[in-house]
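Respectively, the protein sequence lines represent chains A and B.
Per our numbering, the first sequence starts with residue 1, numbered consecutively.
Per our numbering, the second sequence starts with residue 1, numbered consecutively.
For the record, the hints were derived by calculation from the structure and aren't laboratory data.
For clarity, every value in this text was computed on a predicted model and none was experimentally measured.
Don't take each hint at face value.
Among chain A residues calculated to face chain B with C-beta under 10 angstroms, some are [stated by the list, open to error]:
id : residue
1  : 28
2  : 29
3  : 31
4  : 52
5  : 153
6  : 155
7  : 179
8  : 183
9  : 189
10 : 191
11 : 193
12 : 263
Ideal Cβ positions, reconstructed from N, Cα and C, are used throughout, including at glycine.
There are 2 protein chains.
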Amino acid sequence: MAKKRSVRDALRLPASGTLLDPDARPVGPGSKAAAARDLAATGERLAALQEALFAEGARSVLLVLQGMDTSGKGGTIKHVCGLVNPQGLRIASFKKPTPAERRHHFLWRVRRALPGPGLVGVFDRSHYEDVLVARVNSLVPRRVWAGRYAEINEFEAELTAAGTTLVKCFLHISAEEQAERLVARLKNPAKHWKYNPADLDARARWSDYQAAYADALTRCSTPDAPWYVVPADRKWYRNWAVGHLLLETLKDLDPQPPAATFDVKAELARLT
Amino acid sequence: MAKKRSVRDALRLPASGTLLDPDARPVGPGSKAAAARDLAATGERLAALQEALFAEGARSVLLVLQGMDTSGKGGTIKHVCGLVNPQGLRIASFKKPTPAERRHHFLWRVRRALPGPGLVGVFDRSHYEDVLVARVNSLVPRRVWAGRYAEINEFEAELTAAGTTLVKCFLHISAEEQAERLVARLKNPAKHWKYNPADLDARARWSDYQAAYADALTRCSTPDAPWYVVPADRKWYRNWAVGHLLLETLKDLDPQPPAATFDVKAELARLT
Numbered sequence: 001m002a003k004k005r006s007v008r009d010a011l012r013l014p015a016s017g018t019l020l021d022p023d024a025r026p027v028g029p030g031s032k033a034a035a036a037r038d039l040a041a042t043g044e045r046l047a048a049l050q051e052a053l054f055a056e057g058a059r060s061v062l063l064v065l066q067g068m069d070t071s072g073k074g075g076t077i078k079h080v081c082g083l084v085n086p087q088g089l090r091i092a093s094f095k096k097p098t099p100a101e102r103r104h105h106f107l108w109r110v111r112r113a114l115p116g117p118g119l120v121g122v123f124d125r126s127h128y129e130d131v132l133v134a135r136v137n138s139l140v141p142r143r144v145w146a147g148r149y150a151e152i153n154e155f156e157a158e159l160t161a162a163g164t165t166l167v168k169c170f171l172h173i174s175a176e177e178q179a180e181r182l183v184a185r186l187k188n189p190a191k192h193w194k195y196n197p198a199d200l201d202a203r204a205r206w207s208d209y210q211a212a213y214a215d216a217l218t219r220c221s222t223p224d225a226p227w228y229v230v231p232a233d234r235k236w237y238r239n240w241a242v243g244h245l246l247l248e249t250l251k252d253l254d255p256q257p258p259a260a261t262f263d264v265k266a267e268l269a270r271l272t
Numbered sequence: 001m002a003k004k005r006s007v008r009d010a011l012r013l014p015a016s017g018t019l020l021d022p023d024a025r026p027v028g029p030g031s032k033a034a035a036a037r038d039l040a041a042t043g044e045r046l047a048a049l050q051e052a053l054f055a056e057g058a059r060s061v062l063l064v065l066q067g068m069d070t071s072g073k074g075g076t077i078k079h080v081c082g083l084v085n086p087q088g089l090r091i092a093s094f095k096k097p098t099p100a101e102r103r104h105h106f107l108w109r110v111r112r113a114l115p116g117p118g119l120v121g122v123f124d125r126s127h128y129e130d131v132l133v134a135r136v137n138s139l140v141p142r143r144v145w146a147g148r149y150a151e152i153n154e155f156e157a158e159l160t161a162a163g164t165t166l167v168k169c170f171l172h173i174s175a176e177e178q179a180e181r182l183v184a185r186l187k188n189p190a191k192h193w194k195y196n197p198a199d200l201d202a203r204a205r206w207s208d209y210q211a212a213y214a215d216a217l218t219r220c221s222t223p224d225a226p227w228y229v230v231p232a233d234r235k236w237y238r239n240w241a242v243g244h245l246l247l248e249t250l251k252d253l254d255p256q257p258p259a260a261t262f263d264v265k266a267e268l269a270r271l272t
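Generate the whole structure from the sequences, applying the supplied hints.
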């Protein structure tokens, strides 16, 4: 029997830089119901591996979520990261930098939010904003943002060397799907708090953002820290895919709880 | 029909300071199966209320978990806090203070770990360690720890005034149940990483710890920030109880997503 194609192989950005379509399904279940069943089982395996990573207490995983507004960064955290023990997660959201953050190097706030040993870090947006919105809105001169791709690659190589495995996911939605989701938000008063008129400004620069994403993904996809393109027009496929990218990553790490450093029999004797 | 007794009323430390038994069940389901069914439904209500608290973005809840080793602080986080969106949680574990932490006031590290507006904070151990282990092991002179009860009450009054509702839970287990859980840990190599021979040193001072807990609970149970005694010899009852303490607290807060500050129709027109 042929070896099943891994989700990482199917979704990894190819050398050509060509992106999968937002509604592609190159691997995985064919229906929402099948994906939901699979995700529940995946959750149990993820939770067990995360507990082993925590017990081992040596290495870490960093899930980076990027994507246009409504692409489902928050939904992925809720539905995928919500499957594991929250104590083993370190979630950081990178919003518009504060004045204090702007006075520092762009990686300063990112370094402060890295997961410690044993943890799964989750970045809701990330240092990539500094080559996305910063570029599209000319927040810094071209020579500054243009130099950041190399800085990011160096930074990520340093993280990898220190024992952090990066899982970088571009949640790829179409402009049409975004419009539908924004309209749905506007039509539901309970979701108004999630809506910001500035979202439409970013939407108005759609092709500039797509170009900025294409460059960021291509220039910063390295063998140790590749980008995965997650088709995100279907929420259930997005969740399934990110769950499996994490699962495959954790299985490869094969974390092992450390052996006892005490005399088990002697401790049992103290107790009984 | 008589109003059902709230879980908070049933578990709140009485003025007398008398603790419930570790296997008491003064309120709630009578069986593990009934509790499991209930907890799943509770999880959905908790998740919805937490989302509203997050959307409102003004107030916060702080769940403080204290208890002897193996009392289930970690298990409560996994099974109860694991029911809600991890993005709305801020979990902090207070281990033995680092040298840097020891150079500061005992509340320094606690203040740095408080939940921001909209979040549910969870303390796995807390500032109460500074009147528990610090007292039992004479880590500081008596006059120092004795003064901390008043400091804690002032600190918590300040938090309450700033919009944080505290839910302080003493996970109360018996010495016999602790022995069983420690033996189970020792007999399972996969759980050895959770075992520390120093746990037995604390166990050897069981009655000193119970006295220190009794004082901490009595002196720091205030109308706005009462202590709840959660019988914890049964894990399912402990999870059920903490879930409902949180649920009742969030229901009382009745968080409301803020109204739109933009013109909904105009935004819809921009999109369609």
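Quick rundown of the hints versus the structure:
no.: 1; hint: 28; in the structure: violated, 24 angstroms
no.: 2; hint: 29; in the structure: violated, 24 angstroms
no.: 3; hint: 31; in the structure: violated, 24 angstroms
no.: 4; hint: 52; in the structure: holds, 8 angstroms
no.: 5; hint: 153; in the structure: violated, 28 angstroms
no.: 6; hint: 155; in the structure: violated, 24 angstroms
no.: 7; hint: 179; in the structure: holds, 6 angstroms
no.: 8; hint: 183; in the structure: holds, 6 angstroms
no.: 9; hint: 189; in the structure: holds, 7 angstroms
no.: 10; hint: 191; in the structure: holds, 8 angstroms
no.: 11; hint: 193; in the structure: holds, 4 angstroms
no.: 12; hint: 263; in the structure: holds, 9 angstroms
In this structure, the earlier hints numbered 1, 2, 3, 5 and 6 are contradicted, and the remaining ones agree with it.
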